[in-house]
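J.: Listed in order, the protein sequences are those of chains A and B.
In this note's numbering, each residue's number is its place in the first sequence (first place is 1) plus 623.
In this note's numbering, each residue's number is its place in the second sequence (first place is 1) plus 1346.
Since the hints were derived computationally from the structure, they do not count as laboratory data.
There is no bait here: all hints are sound.
Each computed DMTMM-like pair below joins lysine to aspartate or glutamate, with the alpha-carbon atoms no more than 25 Å apart:
(1) B:K1405 with A:D674
(2) B:K1405 with A:E768
(3) A:K630 with B:E1464
(4) B:K1456 with A:E735
(5) B:K1456 with A:D736
(6) B:K1456 with A:D686
(7) B:K1405 with A:D682
(8) A:K630 with A:D736
(9) B:K1405 with B:E1464
(10) B:K1405 with A:E735
(11) B:K1456 with A:D682
(12) A:K766 with B:D1469
(13) A:K766 with B:D1409
(14) A:K630 with B:D1409
(15) A:K640 with A:E690
(16) A:K718 with A:D707
(17) B:K1405 with A:D736
(18) A:K766 with B:E1370
(19) B:K1405 with A:D686
(20) A:K766 with B:E1464
(21) A:K766 with A:E690
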Amino acid sequence: MSLDLVKIRAAVETALKSPMKSAGVDVQAYVQPSPPFPIIGVFPPQSTYVDYWQTFGPDGRADVMLELRTAVSYGAVDSMRLIDELLSVGTGQNKSIIDAVMAARTLGGVVEDCVPLTARTQPIGGENSGMFEAVIPLRIITKKEGATV
Amino acid sequence: MSAAVLTDVQLLVSSMELGQFSGEFSDEIAAAMKEAPNFAAKGYAVRLPGVTSAAFGLKGWADYASGAVSSTFTSASAGQQVAWSILPNGSASAVGDSSLFARMRLDKMKMQTGQAGEVAGFDLTGVSDSAAVDGFVGAPLAARTTTFTGAAIALPGPTATQRLWAALHVTAATGTDLVVKVQSDDNGSFTSATDRITFSTVSATGWQFLSVAGSFSTETHHRVTATMSTSGFTFACLIGVL
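Given only the sequences and the hints, what does the whole structure look like? Please build it.
T.: Encoded structure:
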């Protein structure tokens, strides 16, 4: 469970790829140029990415903040409906990206915990781009394991 | 000496290193102030120092894994007597680095704190049950498999009104018969070392907190030594004069 950012992002992709496939949404840890929509990409936030000093010492804990960005085509009603389905939670919400994260909180044992915090939506790609995304910040707790920090 | 950002602090409580679970600690040493008014004080308060006491605390993240903080310090630990040491240089501590150590009673156990969406936490505090000593690292926390002889620390022996204090934390034990001693000498080469404190022989994790009265203030240096019958042990030893 060391702080390996590449491994953590890949683990998010692995954990979500299968459950999101049934929703018809691909998941990419590092989004390829011009990906097919709809897609969930794993991105670092514009604010703090890694907080190295949650607890003391080389084997202490660090926080990693990531964002799941779900991009869909803006114009299509079905696409906007998909955003709502992905952000819904609970019984019967089989397209829920939130429930999918909560079902794999250790990301296959790569981290100690991973939880979605909130969800917001925003247009992307400039005015009249016709694209829209939902942003879900993830808080990830991991051990540093022998780190110098 | 320069100002420094805390990044790696070892918080040794009983037989555990809690720094890896904590990001915040506190310590306070206070002397009780006793009112001693008298007619010659010209209307001003007069106070005399009473007993000295200490309060240590640490806050961190709960962890219920076997052997981790939350499964080790439970409500049953309230009132427990422990050695509690703070090593501000953490895992980089070397012999002679500063430390603060004391024997404490765990008085407040808030082992489950938090709120929705935040990391589960704990809050542990203790009050002193003996001296709180500004001391030195005699043996940094490390896994050892054979005899240990610490470097000499330029620490004068206690006067007749002082004591030499030492705390031992054994955090892992697979060997047998660990014997840790604190020695003094009047030279840094320890050509005529005298055993001042000998901890009880141990073959398990645990802690000890001992002291010996002065005066041997003609001594100029102290060091920590350790032997074991079979390896190995992970331990730290802190020493100080107060």
